[in-house]
Amino acid sequence: MIKHEEIQRHTIAVLVDNESGVLARVIGLFSGRGYNIESLTVAEVNAADNLSRITIVTSGTRQIIEQIKNQLRRLVPVHKVSDLTIEGPHVGRELALVKVSSTGEKRVESLRIADIFRARAIDSTNESFVFEVVGATEKVDAFIKLMEPLGLVDVSRTGVAAIARGAAAL
Amino acid sequence: MSQQGAMNGAEILLKALVDQGVEVIFGYPGGAILPIYDELFKQNRLKHILVRHEQAAVHAAEGYARSTGKVGCVLVTSGPGATNTVTGLADALCDSVPLVCLTGQVPTHLIGNDAFQEADITGITRPCTKHNYLVKDVADLARIVHEAFHVARSGRPGPVLVDLPKDVVQAHGEYHGPTRFKSKYKPQVKGDLKAIEKAVEMIAAAKRPIVYVGGGVVNSGPAACQLLTQFVRLAGFPCTQTLMGLGAFPSSDPLSLGMLGMHGTYEANLAMHDCDVMINVGARFDDRVTGRLNAFSPNSKKIHIDIDPSSINKNVVVDLAVVGDAAHILEDMIKVWKAKQVRIDDKALRAWWAQIEQWRGKDCLRYPASNAIIKPQYAIQRLYELTKHKNPFITTEVGQHQMWAAQHFRFEKPNHWLTSGGLGTMGYGLPAAMGVQVAHPGALVIDIAGESSIQMNIQELATLAQHKLPVKVFILNNQYMGMVRQWQELIHGGRYSESHMHTHPDFVKLAEAFGAVGLRAEKPSQVDDLINEMISVDRPVVAELRTDASENCFPMIMPGMAHNEMVLGPEDRSVEHPGSEEDGMVLV
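First to last, the sequence lines map onto chains D and Y.
Going by our numbering, the residue at position 31 of the first sequence is 31; the numbering climbs one at a time, nothing skipped.
Going by our numbering, the residue at position 473 of the second sequence is 473; the numbering climbs one at a time, nothing skipped.
These aren't lab readings, by the way, just hints derived from the structure by calculation.
Be aware that one or more of the hints could be misleading.
Straight-line distance between alpha carbons at most 25 Å, and here's what the computed PhoX-like set of lysine-lysine pairs gives [stated by the list, open to error]:
{"id": "1", "chain 1": "D", "residue 1": "Lys-80", "chain 2": "Y", "residue 2": "Lys-190"}
{"id": "2", "chain 1": "Y", "residue 1": "Lys-335", "chain 2": "D", "residue 2": "Lys-69"}
{"id": "3", "chain 1": "Y", "residue 1": "Lys-198", "chain 2": "Y", "residue 2": "Lys-390"}
{"id": "4", "chain 1": "Y", "residue 1": "Lys-190", "chain 2": "D", "residue 2": "Lys-69"}
{"id": "5", "chain 1": "Y", "residue 1": "Lys-347", "chain 2": "Y", "residue 2": "Lys-194"}
{"id": "6", "chain 1": "Y", "residue 1": "Lys-15", "chain 2": "Y", "residue 2": "Lys-194"}
{"id": "7", "chain 1": "D", "residue 1": "Lys-69", "chain 2": "Y", "residue 2": "Lys-302"}
{"id": "8", "chain 1": "D", "residue 1": "Lys-80", "chain 2": "Y", "residue 2": "Lys-302"}
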């Protein structure tokens, strides 16, 4: 509608048939209808039933979020759509590989901060580290920001994988 | 893939089509699809209509599907054959027409190599089909074809494309019938009974109700249309129909307010604006219906019945949604209504009808009569009067003539009105009429056309000749792309940018060149004779009527305006300025 509503961020889990084109369908839906994708992860989760799970972090008004879920449910290879943000508590994590190139005090400082964030150095040369950091998006953001003045040269992030708390399955 | 089975892929495909009830295929052969055409040659269960352009094959299948309720079937080759179907598929998706489009594809080992006549048609058509498939193994072929038909006809119907690489249809495999497969695609059909009870409660409390009916009721089938009519008459409510919903409720019934929306009737739009309870059955609050959204029916409680959950709260936030098939929900509504012995507020309803009759009194569809020049509205009125005893099927192209047809032709039954509503595809009407005529060989099928639209698929006159399809093409020739000219006059300062075609073919000679009968009328006094001659000939006819080039289609809700800001005619200057982009609306 015309009135300016609050933009909300939602994490949506989608269970799909692991068939060619399914990711293109989901992405095409978002681009074709002008929805946002903040992050998207996908991988096979059930080989026996040939199912993949897509986790999408998106943002929009309440009406748009409802549309996104309904449009996703309309896709033939989509089995289940779950809005983790409103369907109870959930946990979400992403992994980032962060490359820092520096020497001297900056190099030492980057190691100290990595320690605080429980990031691991998984590659090292005389003038660089690759850190692996895992956590909520905000934590990963904060880590990368702190690395900027310390010689940050490259970042690779997975996007959020999320799951509901408790015993119930999707 | 190459293990020796009883049948090759092409045979499996045709067997699957027969088992799915296909009788007619609309198509055009080419390299990649030749193995299937070869099998088609060897059998006589399936009839093939050879079109002159693949877009027309899809529209013809749409005409077949919309007039019968069955799934239409298209067969074309790879590359350009496949890409030519895109407009038709997009049209069918917008208007929820069940189709299965079979496209040839280069052999699997060449896919991705930019081979001759290769196009990534599943990629291209992903956003304009309900679903599509690329068959990579002959072992999957029968299952995929059966599933394609299931998806096309289930839930909200739509077009499904199946891409068939040449080596797959040449390989041998096993055939399995439809009963062997269970599709996981199961849209909700029954409506939630609690929601239906709530809906009846809301309706019972209404003082100024309106029933707003869309193409979903037609798509649900004749039973849904009957139940809708029963419900509207039971309640005594006013009923308005969208462009796609015409025919779902008999237009001769005094409860019918006619079409609503941009070129709808005054009484329908004002009743929508002033109602207190709106019952939307199978319509989708399209922008051509709602006008300016923030002024759309501001004081009503809205009930939305739709089979597609994504239609709910998409454009208009509603108070109550019932998801499911219209026929099931209407049946349950009537049951609940009768069980609860609903008493509506008769006094309020009488007052509401008195108000509606006052609006009706404006006689918003009237137009200035003329003895000198053919008014397009007059041509359509005469066409209706002189053909209604034959219960004709009417298709249209897109533009002014389409709106005049919607306003002045009357429909008592569903499936007799076929028009491109959502996509607005010029060139739809002639091939669609072709498809209708194939399905109903003895019926009177008329394409009401404009001289511009008809030229977009004029080549199909050759198809009519080849297959002896006596379609009547009724061209209102006003020398302009009329609706474009109208908008330029009303909204763009009279700057008629490229809307005038300085030359047109001689339609009478053109008809004769294609083996059809050509007729022409230039004066109002010739109209009846032209129509009578047109319908008495058992051959394709192209009838050209030279109409008033300056006539505009009214009433009209100008873009960006609300229902209660309708312009009734050229003399009505109650609204001088259409809305602007500053109102948060782009004029479309």
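Point to revise | Distance restraint between Y:Lys-15 and Y:Lys-194, which requires alpha-carbon spacing of 25 Å or less | key: Violated. Y:Lys-15 to Y:Lys-194 sits at ~44 Å, over the 25 Å cutoff.
Exercise for review: Starting from D:Lys-69, check that the Cα of Y:Lys-302 is at most 25 Å away, please.
Suggested key: holds, 22 Å
**Study point:** Agreement of Y:Lys-347 and Y:Lys-194 with the hint, judged by alpha carbon distance not exceeding 25 Å
**Key:** violated, 28 Å
Check your understanding: Are Y:Lys-190 and D:Lys-69 close enough, with their CA atoms no more than 25 Å apart?
Key -> holds, 21 Å
Practice item. Take the C-alpha atoms of D:Lys-80 and Y:Lys-302, compute the straight-line distance between them, and say whether it is at most 25 Å. Key: violated, 29 Å
Point to revise | Agreement of D:Lys-80 and Y:Lys-190 with the hint, judged by alpha carbon distance not exceeding 25 Å | key: Holds, at roughly 20 Å.
Point to revise | Distance restraint between Y:Lys-335 and D:Lys-69, which requires alpha-carbon spacing of 25 Å or less | key: Judged against 25 Å, a Cα distance of about 32 Å means the pair is violated.
Review point. Are Y:Lys-198 and Y:Lys-390 close enough, with their CA atoms no more than 25 Å apart?
Key: Not OK: Y:Lys-198 and Y:Lys-390 at ~43 Å, beyond 25 Å, violated.
In the structure shown, a violation is registered for the earlier hints numbered 2, 3, 5, 6, 8, in ascending order.
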